[in-house]
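Visitor: Hey, can you work out the whole structure from these sequences and the hints?
Number of protein chains: 2
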Amino acid sequence: MRVLVVGATGTIGKAVADVLAERGDEVLRVSRTTDLAVDIASPASIRAMYQKLGWVDAVVSCAGNAKMGPLAQLTDADFAFSVEGKLMGQINLVRFGLDHVRDEGCFVLTAGIFSQRAPAGASAAAMVNGALESFARAAAKDLPRRIRLVAVSPPFIRETAVAMGLPQAGKISARENAQRYAELLDGDYTGQVSYP
Amino acid sequence: MRVLVVGATGTIGKAVADVLAERGDEVLRVSRTTDLAVDIASPASIRAMYQKLGWVDAVVSCAGNAKMGPLAQLTDADFAFSVEGKLMGQINLVRFGLDHVRDEGCFVLTAGIFSQRAPAGASAAAMVNGALESFARAAAKDLPRRIRLVAVSPPFIRETAVAMGLPQAGKISARENAQRYAELLDGDYTGQVSYP
Chain A
127 MRVLVVGATG TIGKAVADVL AERGDEVLRV SRTTDLAVDI ASPASIRAMY
177 QKLGWVDAVV SCAGNAKMGP LAQLTDADFA FSVEGKLMGQ INLVRFGLDH
227 VRDEGCFVLT AGIFSQRAPA GASAAAMVNG ALESFARAAA KDLPRRIRLV
277 AVSPPFIRET AVAMGLPQAG KISARENAQR YAELLDGDYT GQVSYP
Chain B
127 MRVLVVGATG TIGKAVADVL AERGDEVLRV SRTTDLAVDI ASPASIRAMY
177 QKLGWVDAVV SCAGNAKMGP LAQLTDADFA FSVEGKLMGQ INLVRFGLDH
227 VRDEGCFVLT AGIFSQRAPA GASAAAMVNG ALESFARAAA KDLPRRIRLV
277 AVSPPFIRET AVAMGLPQAG KISARENAQR YAELLDGDYT GQVSYP
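Line order of the protein sequences matches chains A and B. First residue of the first sequence: 127, per this note's numbering; consecutive thereafter. First residue of the second sequence: 127, per this note's numbering; consecutive thereafter.
Simulated from the structure, these hints should not be mistaken for laboratory data. Heads up, a few of these hints could be off.
Think about it this way: if two alpha-carbon atoms lie no more than 30 Å apart in a straight line, the pair counts; the simulated DSSO-like pairs of lysine-lysine are [said to hold, decoys possible]: (1) A:Lys178 x A:Lys140; (2) A:Lys267 x B:Lys267; (3) B:Lys267 x B:Lys178; (4) A:Lys178 x A:Lys297; (5) A:Lys267 x A:Lys178; (6) B:Lys267 x A:Lys297.
Computed from a predicted structure; not experimentally measured.
Guide: Now the structure itself:
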């Protein structure tokens with residue numbers, strides 16, 4: 127399989143790209159800093175990337191951030207950043223990618239467990255993650271050519287927790303999480319949300 | 127209780143306002159077409175409304191629309207309309223309303239069942255509804271002065287179904303749905319999503 131991994135320099139995306147490459151997939155790693163770069167907050171950047179890319183069998187999105195902070199301190203710009211940078215960014219990877227994914231191909235989006243269980247100070251992230259989960263369930267019904275669409279909502283990843291000085295908060299390793307992405311690419315799942 | 131009902135001229139909002147008024151609440155009915163008008167797609171319009179309003183005990187939002195249509199036909203503008211007009215509109219009713227709701231007051235948002243189960247052609251609406259559900263769960267933890275926040279995800283309302291020529295698709299009446307809003311205002315629920 128020829129698989130595009132967006133956000134491939136992040137903790138989650140790098141592990142996904144590594145796991146797929148080790149099993150023999152042709153992995154195209156992109157992020158804001160790779161040679162073939164993409165900023166998913168920019169629709170034009172996404173369109174330009176797909177034009178250069180040609181056809182792929184699957185698109186795995188591990189990209190995008192949302193602003194953390196107590197609701198009263200989040201600004202209009204913080205919400206816009208979260209919507210453009212993660213929510214619409216990932217949705218646009220699907221919308222603009224439809225003409226670049228082969229028959230029976232697959233999109234995998236990354237939401238996050240804050241959709242269901244969030245600590246204080248995570249309302250914008252929860253909003254974005256819940257939106258991506260519901261989008262994946264619904265939009266799967268609109269895809270042509272038996273293309274599939276699923277979302278993954280990872281828990282707090284151990285490596286991220288360690289880097290933040292909260293080692294006991296990490297639930298699974300980036301590699302364990304990446305295995306779930308690989309399983310979703312292989313199966314016939316569509317319109318589902320997976321909680322590793 | 128002095129209760130602001132936003133979207134009070136719509137099928138859901140009018141029934142909510144009626145049920146609350148009948149039980150003796152002081153109901154302030156607003157929409158884009160009322161004397162004290164608000165367009166929730168405009169942050170400035172929301173701020174201006176709250177300035178004129180003074181204090182309320184509760185804010186019930188039944189306002190906002192999302193664009194329907196197959197994913198491949200939804201435009202950038204359709205997604206922006208859905209995000210600004212329903213998602214950020216309702217979130218901004220909470221953000222900007224915090225200084226206008228009394229201690230132990232309550233916000234009730236309206237998402238919709240497409241968050242969980244959507245037909246084809248409803249990806250933007252599903253996205254918005256899922257976002258509002260997850261926002262309510264998370265942002266409830268950030269509210270000051272024991273103010274509560276809940277969301278309701280109504281099913282297809284009978285009156286709407288009849289008006290669309292799909293009478294058998296309606297699950298409950300607008301009045302039955304409104305009773306659930308009244309119960310949520312009275313209880314001590316917070317951070318919950320209710321499915322009437």
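Visitor: Starting from Lys267 of chain A, check that the Cα of Lys267 of chain B is at most 30 Å away, please.
Guide: violated (34 Å)
Visitor: Can the restraint linking Lys178 of chain A and Lys297 of chain A be considered satisfied, given a maximum Cα separation of 30 Å?
Guide: It is violated: about 37 Å lies between the C-alpha atoms, which goes past 30 Å.
Visitor: Is Lys178 of chain A within 30 Å of Lys140 of chain A, Cα to Cα?
Guide: Holds. Lys178 of chain A to Lys140 of chain A sits at ~22 Å (cutoff 30 Å).
Visitor: Starting from Lys267 of chain B, check that the Cα of Lys178 of chain B is at most 30 Å away, please.
Guide: holds (28 Å)
Visitor: Check whether the Cα positions of Lys267 of chain B and Lys297 of chain A lie no farther apart than 30 Å.
Guide: holds (22 Å)
Visitor: Taking 30 Å as the top limit, are the C-alpha atoms of Lys267 of chain A and Lys178 of chain A close enough?
Guide: holds (28 Å)
In terms of the numbered hints stated before, the structure departs from hints 2 and 4, listed from lowest to highest.
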